[in-house]
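A.B. asks: Throughout the sequence shown, residue numbering follows the numbering used here, covering 12 to 209 in sequence.
Keep in mind that the hints are not guaranteed to be accurate.
Derived Cβ-Cβ restraints for the label pairs, each shown as a range [stated by the list, open to error]:
hint: 1; residue 1: G57; residue 2: R162; range: 20 to 26 Å
hint: 2; residue 1: P161; residue 2: N40; range: 38 to 44 Å
hint: 3; residue 1: I149; residue 2: G110; range: 17 to 23 Å
hint: 4; residue 1: A24; residue 2: S126; range: 33 to 39 Å
hint: 5; residue 1: A86; residue 2: D62; range: 28 to 34 Å
hint: 6; residue 1: D62; residue 2: R181; range: 19 to 25 Å
hint: 7; residue 1: A105; residue 2: V193; range: 22 to 28 Å
hint: 8; residue 1: A86; residue 2: E132; range: 18 to 24 Å
I should point out that these hints are in silico values taken from the structure, not numbers from a laboratory.
Every residue gets a Cβ at the ideal spot worked out from N, C-alpha and C, and that includes glycine.
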Amino acid sequence: MFFAPTVLGLGRAGARPAVLCCSAGNYYNQGEIRKKELEQSCFLLGIPASDVTVIDHRDLPDNPAVEWDTQLLAAFVLEHIEANNINLVITFDAGGVSGHANHISLYTTLRSLHSEGKLPEGCRVLVLESVNLFRKYISILDVPLSCLLPRDALFILTEEETEQARRAMRCHRSQLLWFRRVYMLFSRYMVINSLRLL
12 MFFAPTVLGL GRAGARPAVL CCSAGNYYNQ GEIRKKELEQ SCFLLGIPAS
62 DVTVIDHRDL PDNPAVEWDT QLLAAFVLEH IEANNINLVI TFDAGGVSGH
112 ANHISLYTTL RSLHSEGKLP EGCRVLVLES VNLFRKYISI LDVPLSCLLP
162 RDALFILTEE ETEQARRAMR CHRSQLLWFR RVYMLFSRYM VINSLRLL
C-alpha cells in the first residue's frame with residue numbers, strides 16, 4: 012500500500028526485494044485471505060511468494076491502536092535479517108505514514124536495533140517519509156517538492172509502473188473500501204517514495 016515505488020525502484024536497479032510482514036492482517040478475522048492477497052500483490056510487484064514472509068503471532072495483533080512489543084518484534088526482525096543476509100531494510104518512519112500504531116512499532120524496533128548496534132555489519136535502514144495530509148493526496152504534484160526537499164533516497168514511478176502499483180493494490184480485495192480506492196487515485200505513495208537513512 013505504501014512501498015510500491017520503493018519495491019519497483021529497487022527491482023529496476025537490479026536488487027531482489029523481499030517482504031517481511033509482521034502481522035497476518037487478522038483484525039477483521041480475514042488473516043488467511045489477506046496473506047493470499049499479499050502474495051498476489053507482491054507477485055505483481057516482482058516478488059515471488061518464496062520471498063514473502065508473514066509473521067502470525069498472537070502478541071503482534073493487526074490493530075491500528077495496539078503498540079507491539081518491540082522486544083518480541085526485534086527478535087523476529089533480526090532473525091529474518093540474519094537468516095536472509097539482508098543488507099537494506101525499508102520500514103516506516105516515526106509517523107508510520109498513517110499514524111497506525113503497528114507501523115510506528117516497526118520504526119521504534121528498527122531504530123532501537125540500529126542505535127544499539129544489533130544489526131549485522133553493513134545493514135542499512137531506510138525509513139519512508141510520512142508527509143502531511145495535503146501532500147499525501149496530491150499524487151504526482153508532490154514530485155517537484157519531494158525533489159527539492161532533503162532525503163537519502165527517492166523513487167518515482169513512471170505512468171506504466173504506477174498502473175502496475177495500482178494493479179498490485181487491487182489484489183487486496185478484502186481491504187478495498189471506498190477510501191482506499193480514493194487513496195489509489197490520489198496518494199503520492201502510489202507514485203513516489205522519499206526515504207531517509209537511520
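A.B. asks: Indicate, hint by hint, whether the structure satisfies it.
C.D. replies: Now for the hints, and whether the structure bears them out:
1. G57 with R162: 20 to 26 Å: Holds, since G57 and R162 (Cβ atoms, about 23 Å apart) stay within the stated range.
2. P161 with N40: 38 to 44 Å: The hinted range 38 to 44 Å holds for P161 and N40, with Cβ atoms some 43 Å apart.
3. I149 with G110: 17 to 23 Å: 19 Å Cβ-Cβ, so the 17 to 23 Å window holds.
4. A24 with S126: 33 to 39 Å: violated, 27 Å
5. A86 with D62: 28 to 34 Å: Taking Cβ atoms as reference, A86 and D62 lie about 21 Å apart, which means the hint is violated.
6. D62 with R181: 19 to 25 Å: holds, 21 Å
7. A105 with V193: 22 to 28 Å: The hinted range 22 to 28 Å holds for A105 and V193, with Cβ atoms some 25 Å apart.
8. A86 with E132: 18 to 24 Å: Taking Cβ atoms as reference, A86 and E132 lie about 19 Å apart, which means the hint holds.
Checked against the numbered hints above, the structure violates hints 4 and 5; every other hint is satisfied.
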